[in-house]
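**Student:** Given the structure of chain A, go ahead and fit chain B onto it with the hints provided.
If you read the sequences in order, they're chains A and B.
Counting from 4, one number per residue, gives the positions in the first sequence under our numbering.
Counting from -16, one number per residue, gives the positions in the second sequence under our numbering.
The hints are simulated quantities; they were obtained by calculation from the structure and are not laboratory data.
Careful: at least some of the hints might be erroneous.
Unchecked claim - With a straight-line cut-off of 20 Å between C-alpha atoms, the simulated EDC-like cross-links for lysine to aspartate or glutamate are: (1) Lys126/B x Glu92/A; (2) Lys(-14)/B x Asp26/B; (3) Lys126/B x Asp128/A; (4) Lys58/B x Glu123/B; (5) Lys72/A x Asp13/A; (6) Lys236/A x Asp13/A; (7) Lys126/B x Asp27/B; (8) Lys211/A x Glu142/A; (9) Lys126/B x Asp123/A.
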Amino acid sequence: MSESFTLTIDGVEVTAQPGQSILQAADAAGVYIPRLCAHPELEAFGACRVCTVKVNGRPQAACTTPATKGMIVENDTPELNEHRRSLIEMLFVEGNHFCMFCERSGNCELQALAYRLGIDAPRHDYQYPARTLDGSHPEVFIDRNRCILCGRCVRASRDVDGKHVFDFVGRGKGKRIWIDAESRLADTPLEGEDKAVEVCPVGAILRKGAAYAAPIGRRLYDHDPIGADIEAKRVGAPAAKGGKS
Amino acid sequence: MSKPRVATASLAGCFGCHMSILDIDDRILQLIELVEFDKSPIDDYKGFTQRCAIGLIEGGCCNAENVHVLQDFRKNCDILIALGECAICGGIPAMRNTIPLRECLAEAYLDGPTVHNPSRRIPDDPEIPRLLNRVYPCHEVVKMDYYLQGCPPPADAIWAALTALLTNRPIQLPYELLKYD
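In isolation and in its complexed conformation, chain A is listed as follows (with noise of 0.2 Å):
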């Protein structure tokens, strides 16, 4: 077994085991690093760049990139929150979220990303795509407006479900999650409880008959902001804001 070493995050010493990356010994010290294609049971993928942190001076992502030996990281700075926050409002507008009527609305990990960066209204024009719903399946819908392209459910079918029911099509602006079928995902060996189904960070792979079960003020992100969990491991922390009801 090797040893543990050290690294600093924002200025503050972080001890680290060999094998983990960056995003991993922070986790572990109680630095939260903003995420949304990570995931702690999927191998990290590096696709949607809201981990970057600086290294040395260097953006990486945090997810992807190994933590080593006296690795200086910048993490919660100004310029790397005005990044990650063009990252969410762009996703917003390549999409169409509809947050008002969203099942997953208060527990969805891009919302509670904006609502953590204090996201008022994205600066860019909305896209308002023509995308596609299946809802063939007895058990799951897949919505693509509401679709990130974080790849979760790509990995988890892949990895942890040994389906491989998911898969990126297209390059660029068509880009899109498919399925192992010739249309509907209805013919596809999917079923409900499967990985691929529970990791989807926003709305758009949802198990049906599940939806509006927490009302508001009782949801995941309602009184916490998303990383809240996460800060309170952290030694000597104070207690997590907002009264948990």
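**Tutor:** Positioned in the frame of chain A, the structure of chain B alone reads:
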């Protein structure tokens, strides 16, 4: 000194944001101490009587009349606030933005399963404002100064924003008042 004037309008909205203004409850008594309402559905003034300090805009622009009203507000108000999701991103009405207008009208007046329209005519009376090709968020039509998110924005957020503007403080909403739903 006379009180600052506040005007409000509901464009392509559902009046939910106006309900949220009323939802400030008895603080509305404090509000009328602070401001005078001008053109607004609240007092039913149809036109501007004087220049206004603040204009609250609910809803985006789905027809020519919305554009006209919004431009009128921009001319007559020092500060314009986009109130709620529809004003900011088009909201529910903007769901038609992915479908060509001709198809929307055909579904509504000609081909829909419950349509009874023997004349096969899509309403075209000159009194009816012309629909735009799509629904436009307010900031794509005129310059907007502030955005209050929510569907509707919480009454506390409206109150916090108005009192901040009226007392020359920056608008700073606590985490729980920035919501998109």
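**Student:** All hints are to be evaluated individually against the structure, with a verdict given for each.
**Tutor:** Right, here's what the structure says about each hint:
no., hint, result
1, Lys126/B x Glu92/A, "holds, 19 Å"
2, Lys(-14)/B x Asp26/B, "holds, 16 Å"
3, Lys126/B x Asp128/A, "holds, 13 Å"
4, Lys58/B x Glu123/B, "holds, 16 Å"
5, Lys72/A x Asp13/A, "holds, 15 Å"
6, Lys236/A x Asp13/A, "holds, 17 Å"
7, Lys126/B x Asp27/B, "violated, 25 Å"
8, Lys211/A x Glu142/A, "holds, 5 Å"
9, Lys126/B x Asp123/A, "holds, 15 Å"
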